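Just need the whole structure built from these sequences, with the hints factored in.
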Amino acid sequence: MEGVGRGKVRLLAHSTAWDEEFAQVKAEIEAAWGPAVLDIQHVGSTAISSICAKPILDVAVRLADIEAMDIAALTVRGYEHCGPQFGRDSYHLFVLRGGDGRSLRHIHCYDRREEEFFQLVGFRDYLNAHPDTAVQYEKLKRELAQRWPDDRVQYTAGKAAFIAAVYARLGPRQPCGDSEPKNSF
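UniProt numbering applies: residue 1 is where the sequence shown begins, and numbers increase by one.
None of these hints come from the bench; they were simulated from the model. Please note: incorrect hints may appear among the correct ones.
To be verified - Taking lysine to any residue pairs in the SDA-like style, the calculated list, with each CA pair at most 20 Å apart, reads:
#	residue 1	residue 2
1	K139	A129
2	K26	R10
3	K26	A64
4	K159	E143
5	K8	D100
6	K159	V135
7	K139	R112
8	K8	A145
9	K8	Q146
10	K139	G44
11	K139	D100
12	K139	L12
13	K139	Q154
14	K159	G44
15	K139	G158
16	K26	E80
17	K139	K159
18	K26	I66
19	K139	E116
20	K8	D150
21	K159	L170
22	K139	N128
23	K8	L93
24	K26	A36
25	K8	K26
26	K26	R112
27	K159	A145
28	K26	L11
29	K159	L11
30	K26	V76
31	K8	G99
32	K8	R97
To be verified - So the derived label-pair ranges between C-beta atoms look like this:
#	residue 1	residue 2	range
33	L140	L170	12 to 22 Å
34	A168	V76	33 to 43 Å
35	A68	E115	13 to 23 Å
36	L140	P35	33 to 43 Å
37	A68	A27	17 to 27 Å
38	L140	R77	17 to 27 Å
39	G87	V135	31 to 41 Å
40	A129	A73	29 to 39 Å
Please read these numbers as outputs of a predicted model, since none were measured by experiment. Glycine is no exception: its CB is placed at the ideal position from the N, C-alpha and C atoms.
Here's what the structure looks like:
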């Protein structure tokens, strides 16, 4: 993964190498956390086959219990544990950076009942199944990247309404039982 400098926005055409890198990261996480892992998914724009993306691999990990997460098992592999996010103990972020501080990978870790995991997966699946919506999203991303190339916070904020609209189409997506979502896209 090429990565992106802190706070910067850079978009590249989709690459099949991102799927290959995801397979490696998935194996790495499974080896590190074993039975604590319920699911590992490639999410974000690098997982949407028809659109451009920031070259940062986003991986969502659903854990049986967030308390079972072995932080040291990823930090020893070079990931920075950024701690709980947005005041939610049920969501932790790990970031792998290049030597120059570029973000290369974001590992989003969720407790098994955290709805955001299912939203990320549903968003990816929806855009892969609806190319017209994916094209609209790519157009928005390109416009925002041109407007905010040095401000990832503004770039991300500019996508929020579009993402929320897709989430609304998906409806709630909660697990039934311990491992399977009740809706599929």
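Results for each hint:
1. K139 <-> A129: 17 Å, holds
2. K26 <-> R10: Violated, at about 25 Å.
3. K26 <-> A64: 16 Å, holds
4. K159 <-> E143: 10 Å, holds
5. K8 <-> D100: Distance of about 13 Å is within 20 Å: holds.
6. K159 <-> V135: Distance of about 14 Å is within 20 Å: holds.
7. K139 <-> R112: Distance ~33 Å between K139 and R112 Cα, so the pair is violated.
8. K8 <-> A145: Answer holds: K8 to A145 is near 9 Å, not above 20 Å.
9. K8 <-> Q146: This hinted pair holds, its Cα atoms lying about 11 Å apart.
10. K139 <-> G44: Between K139 and G44 the Cα gap is close to 16 Å, so the pair holds against 20 Å.
11. K139 <-> D100: Roughly 30 Å between the alpha carbons, so the hint for K139 and D100 is violated.
12. K139 <-> L12: 13 Å, holds
13. K139 <-> Q154: 16 Å, holds
14. K159 <-> G44: Distance of about 12 Å is within 20 Å: holds.
15. K139 <-> G158: 12 Å, holds
16. K26 <-> E80: Holds, at about 17 Å.
17. K139 <-> K159: Satisfied, since the Cα-Cα distance of roughly 11 Å is no more than 20 Å.
18. K26 <-> I66: Status holds; Cα separation ~17 Å.
19. K139 <-> E116: Between K139 and E116 the Cα gap is close to 24 Å, so the pair fails against 20 Å, i.e. violated.
20. K8 <-> D150: Given pair K8, D150 holds - Cα atoms ~4 Å apart, limit 20 Å.
21. K159 <-> L170: Holds: K159 and L170 sit about 17 Å apart, inside 20 Å.
22. K139 <-> N128: 15 Å, holds
23. K8 <-> L93: 19 Å, holds
24. K26 <-> A36: At roughly 13 Å apart (the allowed maximum being 20 Å), A36 and K26 satisfy the hint.
25. K8 <-> K26: Between K8 and K26 the Cα gap is close to 26 Å, so the pair fails against 20 Å, i.e. violated.
26. K26 <-> R112: 17 Å, holds
27. K159 <-> A145: 11 Å, holds
28. K26 <-> L11: 24 Å, violated
29. K159 <-> L11: Measuring from Cα to Cα gives roughly 14 Å; hence the hint holds.
30. K26 <-> V76: 16 Å, holds
31. K8 <-> G99: 16 Å, holds
32. K8 <-> R97: 14 Å, holds
33. L140 <-> L170: 12 to 22 Å: 18 Å, holds
34. A168 <-> V76: 33 to 43 Å: 40 Å, holds
35. A68 <-> E115: 13 to 23 Å: Roughly 19 Å apart at Cβ, these two residues keep to the hinted range, so it holds.
36. L140 <-> P35: 33 to 43 Å: 40 Å, holds
37. A68 <-> A27: 17 to 27 Å: About 19 Å separates the Cβ atoms of A68 and A27, which means 17 to 27 Å holds.
38. L140 <-> R77: 17 to 27 Å: 34 Å, violated
39. G87 <-> V135: 31 to 41 Å: 35 Å Cβ-Cβ, so the 31 to 41 Å window holds.
40. A129 <-> A73: 29 to 39 Å: Given range 29 to 39 Å: holds, Cβ gap about 34 Å.
Checked against the numbered hints given earlier, this structure breaks hints 2, 7, 11, 19, 25, 28 and 38; the rest are met.
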